[in-house]
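J.: Those protein sequences? They're chains A and B, same order as listed.
Under my numbering, the first sequence has 245 at position 245, and the numbering climbs by one with no breaks.
Under my numbering, the second sequence has 299 at position 299, and the numbering climbs by one with no breaks.
Honestly, the hints are just simulated from the structure, not real lab data.
Check the hints yourself; a few may be wrong.
To be verified - Covered stretches of chain B, as calculated for chain A (at least 3 residues, CB under 8 Å):
(1) 42 to 53
(2) 228 to 237
(3) 380 to 393
(4) 416 to 422
Model, not experiment: these values are computed from the prediction.
Even for Gly, the Cβ is constructed at its ideal location relative to N, Cα and C.
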Amino acid sequence: MNNLTLLVFLPIVGALLVAATPSKAAGAQRLLTLATMLVTMVLGLAVCLDFDGSSALAQHVVERDWFAIPGQSGDVPVLFKLGLDGLSVLMVALTALLGPIVVLSTWGHIQERVKEFMIWLLVMQTGMLGVFLALDLVLFYVFWEVSLVPLYFILGIWGGERRLYATIKFFLYTLSGSLVMMVAVIALLYQLGTADIPTLIERAGGLPHDTQLWMFLAFALAFAIKVPLMPFHTWLPDAHTEAPTSGSVILAGVLLKMGTYGLLRFCIAPFPLIALEASPWLMGLGAAGIVYGAWLASAQNDIKRLVACSSVSHLGYVVLGLFALTHAGVRGGLLQMVNHGISTGLLFLLVGMIYERRHTRALDQYGGIASVMPLYAVFFVITVLSSVGLPGLNGFVGEYLILLGSFQASPWIGAVAVTGVVFGAVYLLMATRKFLWGPLTHAANRRLPDLSLREAGLMLPLIVLCFWIGIAPNPFQDRAAGSIDALMQRVDAARAQRQAALQGEAPAELFAEQVLPR
Amino acid sequence: MTPDFLDQLVNATTLGALAPFLTLCIGAMLLLLVDILPGTTKLRSPVFLATIAAAAWYSVQLLDAPRVELFSASFVSSPTTALWSLLFLASALIAWCFAQHYYQEEQPFLAEHDVLILCSTAGMLLMAGAQDLITFFVGLELLSVPLYTLAGFRRARNDSVEAGLKYFLLGAFAAAIFLYGSALLYGGTGTISLAEMRTLDVGQPLALVGLALILGSLFFKVSVFPFHLWVPDVYQGSPTPVTTFMATGTKAAGFAFLLNAAFLLPPSSALVLAVIALATMAAGNLGALMQTDLKRMLAYSGIAHAGTILLAAAGYLAGDPEQLGGALGASLYYMAAYVFTAGGAFGLVAWLERELGGRVTLESLRGLSQRRPALAAAMTLFMLSLGGIPATGGFLGKYFVFSVAVRSGMIGIAVVGVLLSVVALGYYLRVIVAMYMQKPAAGFAPLGEQRLPAALATGVCAAMVLWLGLLPGWLLARIG
């Protein structure tokens, strides 16, 4: 059995094992889940280490026939094809790493129906790994939708008071985007005669311009809802606020990245020409999201909602970087996907831990926490600074590259985005001041216990990563270099074609020649 | 009977092709005997099961056999009809399993119940293989008359009798319309054979009116807008195992013929069909959204699913004739997934009705996952499959049907269609919400006894839903 097949289906096997345990044995279920997640993590990280970043080709590929459906010229084989490439390697590593951390965090806040929770957590892990590893469009779609279901249960069963509203909103919002994407998937398969993603990306440039445009829009809609990009973001604060801590961590850490990952792989890579045309719009939405998310966040008193709104803002950066369509922008966007997973994941963990102690998320119920929980305060401050983008920490590298890239593409939009950096610092630091510093005004806060060993231990790897990526980002960036170079080649070729067309020369073949080396 | 006819009837090929149908007829008669002869009551279940098993075995033999035309090409047996037969048999078997513990005061009459189910299934087999209008009509009546009786099977209950009467009156009306349409079509073309009509021009007014009438009566049977209004009442009033059978088997049989005969329609009707399909989906989904009674909700959802299959028929008419196989295959796949999904879902309603001692509402489902985890998990799987979430048969069925629509260029229609299925998720999710996410209501009936046949049927349905969702290769290869 191939490593990737094992990696994807290991959590499901764990889920079946957990399902077989007696329902009262919560401790055994937790340990079994943790063990599965740890093995998955080791396997996942090993696969990611055994990866040649200078190559743009998919590695560790496994390919099996699945079924076939009719196409324009003959049957289109639909494959069970998994593979790792530069666009997915960091995401896979992040997903694998967050797995055990999320399980460990549930010791604090999941006390009821532990068995079901662990099963869903494991199913979720399979779904997410599958999304990033799938190299067949239909398989990708299957994993994409399957990963909706576990979160729906996690939110709906273990969520807060308005959980039913939040979970149905989340599900239906995402599903409506996905189903439109399904029509695009069907049409793309039919016209291009392949479901294999690398082949598909090569052939997509040959489609008529209008077809490309519609496909791009359909895919972009699904992914924009998932990210979420600004006008589609309203489900996110609700979902985050109502989700249990572990749900929020998965949602922010990995699930939202499925949207940005999709934009990169299914909007930019196959349709670079359309991406260039749409670039100002999507960059604009990204920049608007940065500023708007920051404003929203600064008005929140609910600390979890604040982090959720900051998520909207930070994902605006990612979209801004990706659609700047410059080398720096795309590299920054990809790295920032990881950074956001780490720092927002940490923020949700921290917020969850204080909520477990104090059972309120209202910012004005806190103040002076640093004096009773010093270790907590250290973790919190590092995380906030990483999120704000302090040099030396991971957020800085990503944001810097993104802003550099977007200034190259459009100085105006870049300028708007830079104001977001300022707003971001303002609301996060102000919230930190209200939360950690100042006098201890509430008596209930006087006896809060500091972080336990488990809590500190589960966050430590992420904190280490904050510094590591901040100080030495190259080992991470290098893994994606080959794929990004290949992607940018396609984008540059499309750009040359577009400029030629704008100047009236319109060599229709140029694009095809440069992009389809055959 | 001329020797020639006898010759035709009694040879190995013919008998082989007719074997599933004949087995069901013989089984029905045996069951009648078992009911009368003293001391043989215990044989009721074995005889029924043996009949279904034998018919299924003969159908499996036909999966690899060549296409055979019988009786002056009025009935055909092919791998496709064998697949349909297997579906009908599965539907009958599922309904039977859930019926075993369902009836109480009607228990002594269960043999009649089983006879009627077998007759009805035989009718379905006839419908799927029918190549002319008369054969089809005989099949239709053989299907319908037992079902009218079955709908009113719980004769002590008003709603069951009402359902039977309603179904009978409207069904008789639809049958009359079918006959009227056939007469006109015959008048217009001079033949009742589908194969001959293929070579003739059916574009003249008389034939077209006939076709429209036939289509109307078929739409009635498969519950397509605007002929769907009987569905909620009849489905709700009928005994739930009968509803299970009606919702899955009847619909499958109706569509089996509808798709067989779809080529008669002019290509220009594709858009009309597509719009009717969308209207059906809208009517079904919006209707279901309003329901709190699970059985009624599933009835409306069945209407919506009929609309989705009709979309494949529309796509087939709009696309080029080469793709006939694709459209038929997509519908067959969709129907296969639907038989097991809806069969399981309605079956579980039957189970729960006994367990809860009354109607199954969203209210009464609350907290079910805590009391019957396996049952709730199965119901969840069926709901997700009905909603078309991947890893279930419902998803691939939906994917294939929408592929047909997209391939024939109806992209706008397909987009509206998929968005309507978002509405559908709105109510399927409510069932899951009630079972998993809401606190149990106070005052529960105690857990019922184990029901082996129903539990087995649920397990098989769930396994089939997953199998159809994960490994479609086997069925797709058979469909071609």
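J.: Now, for every hint given, state plainly whether the structure supports it.
T.: Hint check:
no.	hint	verdict
1	42 to 53	violated (count 0)
2	228 to 237	violated (count 0)
3	380 to 393	holds (count 4)
4	416 to 422	holds (count 4)
Figure legend: structure checked against the earlier numbered hints; hints not met, in rising order: 1 and 2.
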